[in-house]
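Engineer: Chains as they are written, first to last, in our numbering: chain P, 18 to 128; chain Y, 10 to 120.
Since the hints were derived computationally from the structure, they do not count as laboratory data. Treat the hints with caution; some may be incorrect.
Said to hold, decoys possible - Listed below are several chain Y residues computed to face chain P (Cβ distance under 10 Å; list not exhaustive):
#	residue
1	Leu52
2	Tyr57
3	Phe111
4	Ser113
All C-beta atoms, glycine included, are put in the ideal place defined by N, C-alpha and C.
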Amino acid sequence: RKEVEQDPGPFNVPEGATVAFNCTYSNSASQSFFWYRQDCRKEPKLLMSVYSSGNEDGRFTAQLNRASQYISLLIRDSKLSDSATYLCVVNSYNQGGKLIFGQGTELSVKP
Amino acid sequence: DGGITQSPKYLFRKEGQNVTLSCEQNLNHDAMYWYRQDPGQGLRLIYYSQIVNDFQKGDIAEGYSVSREKKESFPLTVTSAQKNPTAFYLCASREGTYGYTFGSGTRLTVV
Chain P
18 RKEVEQDPGP FNVPEGATVA FNCTYSNSAS QSFFWYRQDC RKEPKLLMSV YSSGNEDGRF
78 TAQLNRASQY ISLLIRDSKL SDSATYLCVV NSYNQGGKLI FGQGTELSVK P
Chain Y
10 DGGITQSPKY LFRKEGQNVT LSCEQNLNHD AMYWYRQDPG QGLRLIYYSQ IVNDFQKGDI
70 AEGYSVSREK KESFPLTVTS AQKNPTAFYL CASREGTYGY TFGSGTRLTV V
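One chain only, chain Y, in its complex shape (with noise of 0.2 Å):
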């Protein structure tokens, strides 16, 4: 069956550590995105790409960094610059003007 995988489910990060969310995709869509949220709180656009080699800032990029180097793969690197990276992440992807289709996501926690 054709849909997105988030890995992991849960991460813990230590203080000034480097972590990567991994997202893969076989539904051979295009576009792909990566968003945050908080509890209680709406989807926050981290970073999009809508081709291979080529991404796109989103609404609150700082402390983040992604690579788009094979259409199936968009994998998210949270980085000891974020302050406040608890939070629960969300891989999408999207064809054409269809709604997106999500992963099931990676809870990450700082410890």
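With the rest of the complex left out, here is chain P (with noise of 0.2 Å):
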């Protein structure tokens, strides 16, 4: 099983939808836990960080459930712009501090 796995893709989706990605890991000692945005050929770039409570950053919403060990991201409305593929990060504390990717999510967003 992989340490941490995603929804499958892509996801093609009208201008304006709300999409849900969902991401689950499997080590209960994970401690931090984020969302990268990637686009095309280019480096991942920090979305946002996930916290217990919850978090929201204008139209991305994330959340954690630590005892499923299932993190989510919800864009609203969404954009053009958006299309990229979204990663979910988990680090554990003891593996060194490196962080662990899932393969990531691809969106598509049409006109």
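Using the hints, put the two chains back together into the complex; each one sits in its own frame.
Structural biologist: Here is the structure:
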């Protein structure tokens, strides 16, 4: 089983749609959680950290359920510019502080 | 502006040749990481360093070597022992529990 697993993509949605990405992680010792965005042939960029209480940044909402070892990202009112691959990322302090990346879910927003 | 600089952006390697990828950061981060990304796949950890003069193997270290003689620099050498080196190589740094900051990457191709 992979340490971080994401919904297989791609997701193709019209502009204005709401889209949700799901992610599960296997190591219960994980302490920090992130969503990254990666545009085609570019480096990943931090989209947002994920906190236990849930957090929101504009149209983006992230949720964490430690009991279920589950992370989600919700994008409301999607824009063409949201088209990218979204990476779920988990940190484990018992693994030297490295970040573990999911394989990513591709999102394509169409006019 | 603080950031991570990777060079070169594109690199072509002949069979049997060693090549070195540069990674420099001016963020004053202690931890630095090298990842490899293959098309359609997630990031895989090659090596990481949490302090100067110390580094650890990641999940796919075979055929690679690194050094960390200065806090700012973490070069990666792809040796002739790496049989399938064609990939997108990403360097990252991190401070504390925050997410990674990535460089813009180096695309290595075997010719």
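Engineer: Now tell me if each hint is right for this structure.
Structural biologist: Each hint, compared with the structure:
{"no.": "1", "hint": "Leu52", "result": "holds (4 Å)"}
{"no.": "2", "hint": "Tyr57", "result": "holds (6 Å)"}
{"no.": "3", "hint": "Phe111", "result": "holds (4 Å)"}
{"no.": "4", "hint": "Ser113", "result": "holds (5 Å)"}
Hint violations for this structure: none, all hints satisfied.
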